[in-house]
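Protein chains in written order, with my numbering: chain A, 572 to 1118; chain B, 3 to 436.
Treat the hints loosely; a few may be bogus.
The following label-pair restraints were derived from C-beta to C-beta distances [to be verified]: (1) Gly1038/A - Arg229/B: 29 to 35 Å; (2) Val389/B - Arg840/A: 47 to 53 Å; (3) Pro104/B - Gln1015/A: 33 to 39 Å; (4) Leu791/A - Asp409/B: 58 to 64 Å; (5) Leu435/B - Ala958/A: 55 to 61 Å; (6) Ala866/A - Arg229/B: 38 to 44 Å; (7) Arg840/A - Leu310/B: 33 to 39 Å.
Calculated from the structure, these hints are not laboratory results. Don't be surprised by glycine CBs; every beta carbon is placed ideally from N, CA and C.
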Amino acid sequence: MRFDRCGFLIALLFATWPLAGGRLEAADLLPPETSIADAVDFYVEAVQRESQVTPAPEVDDANFIRRVTLDLAGRIPSVAEVRDYVQSTEPQKKQQLVDRLLASPDFPYHQRNEVDALLMAGKGPGEWRDWLYKAYSEDRRWPDLFRSLMLPKEADAVEKPAVTYLKTRAANIDDMTNDTSRLFFGVSINCAKCHDHPLVADWKQDHYFGMASFFNRTYLTKKQFLAERDEGQLKFRTKAGEEKQARLLFLTSADISEPSLAEKSDAERQKVDEKQKADNDRETPPEPAFFSRRAQLVDVALRPDSNSFFTRSFVNRNFARIFGRGLVTPLDQMHSENEPSHPELLQWLARDVESHGYDVRRLLRGLVLSRAYGRSSRWEQAGDRPADRLFAVAAVRPLTPMQFALSLAIATGNPADLAGQQAAADQWPNRRRDLENQAYGFAQQLELPGENFQVGVSEALLFANGGQIANEYLRDSGDRLVGVLKGQSDRNEMIKTAFLSVLSREPQSEELAAVSQYLAEREDRSAAAISQFVWSLLTSSEFRFNY
Amino acid sequence: MAHSFRGWCGSADHGVSRRGFLGSTVAAGSAFAANMTVLNVLKNPALAEEIKRQEKRVILLWLAGGASQLETWDPKPGRPTGGPFRAIDTNVPGIRISELMPKLAQRQQHTAIIRSLNTKNADHGGGTDLMETGRPKEPGINYPDLGAILARELGRADSQVPDYVSMYTSTEGRHKGGSGFLGARYAPMFLDKDLTPDNIRRLESISDLDHQQRMELRNLLSTRFARAREGNTLGSHNSAYARVRGLMASEKLFDLSQEPDSVRARYGPTQFAEQVIVARRLCEAGVPFVKTARAWWDSHGQNFETHLELVSELDHVMSTLLDDLQERGLLDSTLVITLGEFGRTPGINPSLGRDHFANAWSASLSGCGIKGGTAFGKTDEDGNKVVEGEVGAEALFATIFNALGIDHQKNYYLGARPVPLTNPGTEPIQEVLA
């Protein structure tokens, strides 16, 4: 993941949102008791009508369960899950499916993987990943996690892994500053570092260095513990060459007052002095600073305000995760010069999220139950494909490395084994954990999709010629799909099993014919032919994307 | 890709042999990618050979860590900053270089020295970014590096060989560069463990025919899926698979054992030398950009011992490369760039080292499009600052583009936004262009 986006920041600094058009009064929004799904559809469909666009039809059941299982459980559904869902005549089956997935052992794993991808490019160390998993098993919320990351308790055995976020960035104040701003506040501010913004008069270097000042006292001790000093000011040079001392300044331009060293008594100053000297040599993690600038950042960022950078960015990132595109895009350019596609919806969701304690399950549930989420990704109507910002056609989204690797394991596993493990409530949590651990290694070979992501030839070569694909996933032993298929005597049934297992749907007649012919031409080497056929399913774009 | 046709007379009657034409088996199922429409002409080996001859290639000799200009192209003998090494005459009157480069001194007619780089950024990470992309980072744009740009400008859309190969050594710090907004299509093929790319060889468990037909079945299924669906990432997935078979056919290019012993002996036994041999093999086969890397030049201590070793090797390997390219008739179409992220301080520190220095340093360009035997720009008598012809990374890149016949003001488009190859106002160094 690149950390270099900067962007036109900010006018955000003076914190009216959105400047163009003005912020809506709460009274102008749909009532708070509206369901999230209804609010999404109300606002999204209003813009579609304005643009005279009729959205794509809803997807069929097989497509829906694949999509939503990838989004909430981080993997494709098993054959049994697809069959049960498609065959169910229950009128509330969609809601039941979504509720089951959100309550499943899969959810905290997937949530952990998404947050690890966001904060650590999907490469966080094991103890960090375990900590995140635990956090989501316990339903910890985003503000709480933010506080833990900014003020990690390194001496506490349980909470210690939270230090990973800052520790891996502590050597570079720009990384701490810009990543924190980008990931939690939706604002990339590093382009205000070298000069005031040339186009936006309000945007000054003061803001970059104001934000950096929250981190300028943070350092790693000789024993590599995270520590924070009680003193130290950041200075910077303006374009005109003038040297300035940075003020502690949040994105909203909120100034933070802090105790001045000059006002301290000699005894207090001595205490600060001694602590700082001792901290660097300590064999155990140092105590927090007497006055922690990072604690000030947490306070100012989490001040109750549904319109805060923190809340809006939380909404926008989750929306993008589900729809493949944020209400504001790019995700780190949430400022007044870059309006949301649906300003009222963003505001409504931000209010909803704040008043429901940043409950991510609740938010995701509402988003995936909207009609907008269920649209087909095919555009088959007359006229041009509508702009992405209208959400009239579903996006075709590349799987993350973890989704891909987990799905690979599900797709190539023995379907009956999987069904058994899923049916037994005491087995699936362990099975899922094992799958996670196995998938992690494979996932490290794949690139995390970012903006404008493209699949590289190295991935295609890995699948075409890599030993792991052939010898592990496509092995013809009984615990694998290929082994099961080998034992199925009816060719058409066998092809169906493979399609269901890998692509979560039945084959169409042309596909059945093409595959049948492929296999018929290779009756002298039928096991190899089956494995080649399964390979062609695994490498098809249909498997590589959530569509 | 129209540049590929420049100079082609249009006749299909050239009696060009098939020998040496790589990847004459055009990959099955290359019908996907939007950008793979042009060269059906490849099916005609005569035309393909003709086009290949026109093509231009680049070998980058990356001096990771930052080589000293004073011990290479811009010696200051007899000055307090000069160090122990002398300057020697080259075969071009008036140009003197360090005595550590006696072989290059006899081949100065191929090379233009640029002695007046002031790139300002003397941090490994920042300097590397700058010298890889040719410009400072900018808000909201992830710029491609030189290799990715040249892969796109000089590569063939449906190339059967890789179009950007990047080698590095374990001591280089694993800075990977990348294709930025040009996307993974132009991302380098990295050789990070040995000289053979990962997964380029077919497993023995599948026959070549099955490997090919399995791909055709995959393409059939994937094409059905792509109907009425859109997305750049989706296109890239199919393009990547469409290139697999062709790339596999290029495996022998990476095989040093296919090179005669006499050639290997000539380059020498070092890792850098082997990289350069492979680079030459790749370029000969039409790979437009190959980065080789020699590390680690970061001589904060013992600068002179370090440079005695590294410059001597560079002198030998680069000289051999220039000779080899010339003997094969490739020097006129191959640009050799010798560059690092910055130079080193004229001041010698107490550990007899030189530190990072980006204010007055040197790089060289040899071969394709270059006026050899020139030395552009000047530093002051101690090498502390540029006194004549100051240029930055942008001008160096504009010069490289022009040497290869690429308009340095050409635009790429990010959505509707034009992004020129070099920022407006940038001019190439005409004095070193042929």
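Hints, one by one, checked against the model:
| no. | hint | in the structure |
| --- | --- | --- |
| 1 | Gly1038/A - Arg229/B: 29 to 35 Å | holds, 33 Å |
| 2 | Val389/B - Arg840/A: 47 to 53 Å | holds, 51 Å |
| 3 | Pro104/B - Gln1015/A: 33 to 39 Å | violated, 47 Å |
| 4 | Leu791/A - Asp409/B: 58 to 64 Å | violated, 48 Å |
| 5 | Leu435/B - Ala958/A: 55 to 61 Å | violated, 45 Å |
| 6 | Ala866/A - Arg229/B: 38 to 44 Å | violated, 55 Å |
| 7 | Arg840/A - Leu310/B: 33 to 39 Å | violated, 53 Å |
Against the hints set out earlier in the document, violations occur for numbers 3, 4, 5, 6 and 7.
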